[in-house]
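Chemist: Input sequences plus hints: build the corresponding full structure.
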Amino acid sequence: MYARTAGGRTLSFGVSGMLWRENLVMYDRETDSWWAQATGQAIRGPLEGSALRMLPSDMMTWKEWRARHPDTLVLSKKQSGRTQGTSDVYTRYHRSRDLGVTGRTRLEGRGVGAKTRVLGFRFDGKAFAVVLDDLAAEPVLITSVPGEPFVIVATADGSGARAFRAGPRAFSVREGSDPPVLIDEATGSEWDAFEGAAIAGELAGTRLEAVPATLSYWFAWRAFFPDATALTRTRAPAGRD
Amino acid sequence: MNGIATPVLAAVLLAGGAVGAVPVTIPLPFVVAAGLEGAPQRPWAEVAVIDGDPVMRGLPRDAIPAIDEPVFVRADRATFMKDDEYVIGVFDGTTAKAYSTWHLNGHEIVNDTLGSASITVTW
Chain H
1 MYARTAGGRT LSFGVSGMLW RENLVMYDRE TDSWWAQATG QAIRGPLEGS ALRMLPSDMM
61 TWKEWRARHP DTLVLSKKQS GRTQGTSDVY TRYHRSRDLG VTGRTRLEGR GVGAKTRVLG
121 FRFDGKAFAV VLDDLAAEPV LITSVPGEPF VIVATADGSG ARAFRAGPRA FSVREGSDPP
181 VLIDEATGSE WDAFEGAAIA GELAGTRLEA VPATLSYWFA WRAFFPDATA LTRTRAPAGR
241 D
Chain A
1 MNGIATPVLA AVLLAGGAVG AVPVTIPLPF VVAAGLEGAP QRPWAEVAVI DGDPVMRGLP
61 RDAIPAIDEP VFVRADRATF MKDDEYVIGV FDGTTAKAYS TWHLNGHEIV NDTLGSASIT
121 VTW
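Which chain is which? The protein sequence lines are H and A, in order.
Residues 1 to 241 (the working numbering) are what the first sequence spells out, left to right.
Residues 1 to 123 (the working numbering) are what the second sequence spells out, left to right.
Keep in mind that the hints were calculated from the coordinates and are not lab data.
Because the structure is a prediction, the values reported are computed rather than measured.
Glycine included, each C-beta is placed from N, C-alpha and C at the ideal position.
Treat the hints with care, as some may be off.
So the derived label-pair ranges between C-beta atoms look like this [what the hints assert, rightly or not]: (1) LYS82/A to GLY125/H: 34 to 42 Å; (2) ALA117/A to ARG174/H: 29 to 37 Å; (3) ALA48/A to GLU30/H: 15 to 23 Å; (4) SER177/H to VAL47/A: 49 to 57 Å; (5) SER177/H to ASP62/A: 45 to 53 Å; (6) PRO146/H to VAL47/A: 39 to 47 Å; (7) ARG174/H to ASP83/A: 48 to 56 Å; (8) VAL73/A to ALA156/H: 47 to 55 Å; (9) VAL73/A to SER144/H: 37 to 45 Å; (10) GLY201/H to THR79/A: 35 to 43 Å; (11) ASP62/A to ILE199/H: 41 to 49 Å; (12) VAL73/A to GLY49/H: 37 to 45 Å.
Modeler: Listed below in C-alpha cells is the structure:
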C-alpha cells in the first residue's frame, strides 16, 4: 500500500509483466518508470531513485476486518475485468515449486524455517521480521531492538498483525487482558494494543506510530532484504549467524 | 537448520499445498507466492539487469489488468465475502476499505483514493 505520488505528480500504476528479485515490477503510465513492488522504489526510468511512501495497511480475515470496521467498504467482485485466462503464467509461477524464476534465490539457515510466516517491516534502513507463530499464544511482542523498540500485536485469530514504534515509553502487557491491553510504566495509562492507542489514563488519546508492514514468507522477505533480522520471542534480535 | 545450497533442494523443502506437506493457510502476494506446489514452467525472458539482478519478463504489459476505477460495496451488502477470506485493509481514521486478496490475484494493482489521498494497493 503506497501513496501514489512522486515528484509532485499523481501516478497510476500497471502490471509490467516483469519480475525483479522475485518481485512484481510495476510501471507508471505517466513516465513509464519501473517500480519494485516490495520497496516502492523506482528502479529504472525518468523517476529512477524516487520512492513511494508506504502506508500502514492490514492483512487479516474479512471477519476480523469487518468486526473492527463495521462500515467498511469492500472492493466489489463484480468488477472482475478480464481475469480469466490472462494470468496463466503468473498462476504457474504462484504454484511453482521454484523459489523464483531467476534461480538465484537461496535459502540459508538462520534458525527460522523458509516457509515460516512473518510480519516484515522496514525501519531506518533496516529490515525486520517477526514470526507470526510467536504471537499465537501471546499476541503481543515487545521487541528489544537496540535503540528502537517495537510493539508487535496480532489479531485475535492470528490472521494478521501490526507493528508500532514503542518510542521512549516502556510497556508491559496487562496480565490476562483479552484483547491485549498495554500499560506504560511512566503514567500507568492503558493502551489498546492492536490499535496502538491509549484509551484510559493520562495519555488517553495518544497513538503510537504505526510502521507499515507486510505478511510474507521468511524466505521471500529475505530474497529482497538479505540482511533482515528475525525478531523472535526467545532471542531478539537474532538473524545474522 | 543447515543452509540449503540449491534451489532444487529448496523446492523440495517448500513443496506443499497439493501434497499436503505444508498446508498453505494464508494467501500470499506476488512476491511471496513462489515456492508453492505446481508444474514448473519457465517462459521467462531476461530483459534487463538492474543492480546485478535480472529483470525477467513473463507476460506482456497489462496482461494482468490493474483496476483503475474500483467499485465498492458496503460491508452489510457484501454477501459475496466469506468470513475466512483474507483482505488487505486500509483506514484513514474516517473511511475503511478492504480488498479481497482472492480478487487481487487477478489484478495485482488497484489505483484508488482514500479521502483526499491517492493510493495504490499492490499484491
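Chemist: Which earlier hints turn out false for this structure, listed by number in ascending order?
Modeler: 7 and 8
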